[in-house]
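Q: Okay, here's what each chain looks like letter by letter:
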Amino acid sequence: MIEAQTAPLLEIRGLSKRFPIHSGLSRRVTGEVRAIDGIDLNITRGETLGLVGESGCGKSTTGRAILRAIEPSAGEILFHDRDGTVDVAKLGRTELKRIRRKMQMVFQDPYASLNPRMNVEEIIAEPLICLDHLTHKQRRDRVVELLELVGLNASYLLRYPHTFSGGQRQRIGIARALALEPDFVVCDEAVSALDVSVQAQVLNLLSDIQERLGTTYLFISHDLGVIEHQCDRVAVMYLGRIVEFAETEALLRTPKMPYVEALLSAVPEPDPHVRRERVAIRGEVADPANRPSGCPFHPRCPYAQEVCKSTVPPLRQVEGVTGPHLAACHFAEALSLRGVA
Amino acid sequence: MSVTAKPLPIGGGSVRGAPVESPLTLMWYKFRAHRLAVASIWVIAALYLTAIFANWIAPFDPESRTGLPFSPPSWPTVMVDGEFVWPPVAFGVSQQLDRKTFKRVYAIDTSKRYPVQLFIAGDRHSWFGLFPTDMHLFGVDKGGAFFLMGTDSLGRDVFSRMVYGSRISLSIGLVGVAISLVLGVILGGISGYFGGWVDLAVQRLIEIIQCFPSIPLWMALAAALPHDWTTIQVYFGITVILSLVGWTDLARVVRGRFLSLREEDFVMAARLAGASEARIIGKHLLPSFMSHIIASVTLSIPSMILAETALSFLGIGLTPPALSWGVLLQDAQNVNTLATAPWLLLPGALVIVTVLAFNFLGDGLRDAADPFSRESFK
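The listed protein sequences correspond, in order, to chains D and L.
Quick note: the first sequence uses the numbering used here, first residue 1157, plus one each step.
Quick note: the second sequence uses the numbering used here, first residue 395, plus one each step.
The set of hints was computed from the structure by calculation and includes no laboratory data.
Built from N, CA and C at the ideal position, the CB exists for glycine as well.
Any given hint could turn out to be false.
Just a few of them, taken from the derived set where beta-carbon distance is under 10 Å, the chain D residues facing chain L [as the list claims (entries may be wrong)]:
1) P1283
2) V1300
3) R1315
4) R1332
5) A1335
6) V1474
With a straight-line cut-off of 25 Å between C-alpha atoms, the simulated DSS-like cross-links for lysine-lysine are [as the list claims (entries may be wrong)]:
7) L:K536 with L:K506
8) L:K677 with D:K1253
9) L:K506 with D:K1293
10) D:K1293 with D:K1253
11) D:K1293 with D:K1258
12) D:K1246 with D:K1258
13) L:K677 with D:K1258
Now the in silico label distances, taken between C-beta atoms and shown as ranges [to be verified]:
14) L:E601 with D:H1378: 36 to 44 Å
15) D:G1381 with L:R426: 42 to 50 Å
16) D:Q1461 with L:P681: 58 to 66 Å
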């Protein structure tokens, strides 16, 4: 693991989420989809950790499992706090409710994540009502304060979600997530539904809030541009596993895993005069219900060798690089892969 | 404030100070654009007011025999001998028996004129046992008579009987749907919210119930009602029978809404905000699908009314002296009667009007509740 400069806020050990596949009349379990397959991750206090991967690789499931929005099948989620350490994965109903104050989420879809029948005040006040004991007056003051924090006018208090644009709705979602000043916020594709200009505003808002409140983010995205702009460290997921984990700079410049190289080469180049060779990934993402033997990426990997078909490469420190850099590839040292300049 | 001209206030910080319209207000705007549904509200309101105040509105007691059997509909007129008269007048009638055909023939005697009067004394009646009086909304003095929808074989006024019959026919839909709603929301909610084997059991039960052909099932259940029951007991018995079959559709709707809403992001957000299950159901799920429920309830009232009519028509639902449109239609069962007194079919027309009105209203409500239809704003 990468040594954290300061104490980790979250330590995730062997987190898994399996969905059983039922078939037939008797609903017998005939297989399972391993959406997350044993993830280890340390999240440092105050950092923004990026989680990247293509659709269906399990990034959103990971974010939700950490918050217990869905129940993880196995693993530990150690949350280090001023009050001590708790394993979020094992909390009962009442303790979970207590920890909800400290962990929140910003959703991808600003349209689906706000109840259309509640006005802005009710939406933002929801965590305050459920988890805090405030008078009506205090609550309203707090909501106004939050609206101002996310750059919305206090006069919007009684308006309903349908009267707002996507960017404004996302700000409302952010205000709701921040209502209880959580230590940790999962931003699940928080800007991918927005226009590029609005994306920038929301990203700056998130950084701004981080500076002021010291919030830690798990930033889930498929957009490497956003990740580069926003994250201190990045973990790349493939088929439910982390395949590479490094500082953003190192990962983008010198990837050590062929899948990451292919991912990076797919980033569009804004300069039309720069010619780049794209590393096309052959084939489809493997079915998580029927994962390939050995390295999960080997059927699509241009560098695959015999060993890749039989042995699963562990996520390990790549030798000969400065700084921490983990990769799950047998040939992480041998290959010289292209990153983005 | 003109609604159609005003664009939907979506998006843009520029619309600061835009009206704070709740989703309910928006639904009302959409509903209002559905002309047929708005008209149906008035029709339905008129029908129910008639049912409530039946004893004042009906010019006769439903059981009083006028001595003029099979009299065709006769309406008061405002034109007498090419002259305009006000108030409208009814003429005296006399009956003769045609010696050749043995048909009753009614002759109008224009010399006897009875002006139609409002608030006139007639048969004694009371409002559900309260306020006994002999005052009727309209009618003519004793001696004259007009039958808006003719008379039946015993000389009873069909219009008055229809007005009284609407009490049972219209209320059975509401009471039946209320019982179905309770059953449907509870069972459908349990099924959708808990899922798993509970869901499986409830859904299979619904399928079994829906597999039965409904008319034979109703007949069997109605035949099982004790013969010595009073009219009121039979009424509730029939209502329960109808709703025992009718709840299944509602339960399906509720379950479907629960299943789809349970997965919505805003429900997950509420859960992450620490909301309890009760709060999620009460504050997030129920308000989100209440409008759909109201729409489907409105759409299922007519089927209840039709079912009662069908049962009573077949003689296994309510029986005389209870009065409902189905009971009235029993008189129109044979061809002979239909040939001589086709007006006995008029209760059927009223059933059609009622069912259509409820269907239009339900359609309007459903469209208004559907967040994806923006037709009315175009």
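Q: Does each hint hold? Answer for all of them.
A: Each hint tested on the structure:
Given the 10 Å rule on beta carbons, the hint for P1283 (chain D) holds: about 4 Å separates it from the nearest Cβ of chain L. Given hint, V1300 (chain D) at the interface with chain L, is violated; its Cβ is 16 Å from that chain's nearest Cβ, farther than 10 Å. Taking 10 Å as the C-beta contact cut-off toward chain L, the hint placing R1315 (chain D) at the interface holds, the least distance being around 5 Å. The interface hint given for R1332 (chain D) is met, as the beta carbon of that residue sits about 7 Å from the closest beta carbon of chain L, less than 10 Å.
Interface restraint check: A1335 (chain D) against chain L, minimum CB-CB distance 8 Å, threshold 10 Å, status holds. The interface hint given for V1474 (chain D) is broken, as the beta carbon of that residue sits about 36 Å from the closest beta carbon of chain L, more than 10 Å. Restraint check for K536 (chain L) and K506 (chain L): satisfied, since their Cα atoms lie roughly 12 Å apart, inside the 25 Å limit. With a C-alpha separation of about 18 Å, the suggested pairing of K677 (chain L) with K1253 (chain D) holds against the 25 Å cut-off.
Of the pairs offered as hints, the one joining K506 (chain L) and K1293 (chain D) is violated, with about 78 Å between alpha carbons and a cut-off of 25 Å exceeded. Using a Cα cut-off of 25 Å, the hinted pair K1293 (chain D) and K1253 (chain D) holds, with the two alpha carbons roughly 24 Å apart. With a CA separation close to 23 Å, the supplied pair K1293 (chain D) and K1258 (chain D) stays within the 25 Å bound. Restraint check: the Cα-Cα separation between K1246 (chain D) and K1258 (chain D) comes to about 16 Å, which is no more than 25 Å; the hinted pair holds.
Under the criterion of a C-alpha separation no larger than 25 Å, the hint pairing K677 (chain L) with K1258 (chain D) is consistent with the structure, at around 23 Å. For the pair E601 (chain L) and H1378 (chain D), the beta carbons lie near 42 Å from each other, so the given range of 36 to 44 Å is met. For the pair G1381 (chain D) and R426 (chain L), the beta carbons lie near 47 Å from each other, so the given range of 42 to 50 Å is met. For Q1461 (chain D) and P681 (chain L), the Cβ-Cβ distance of about 59 Å falls inside the hinted range of 58 to 66 Å, so the restraint holds.
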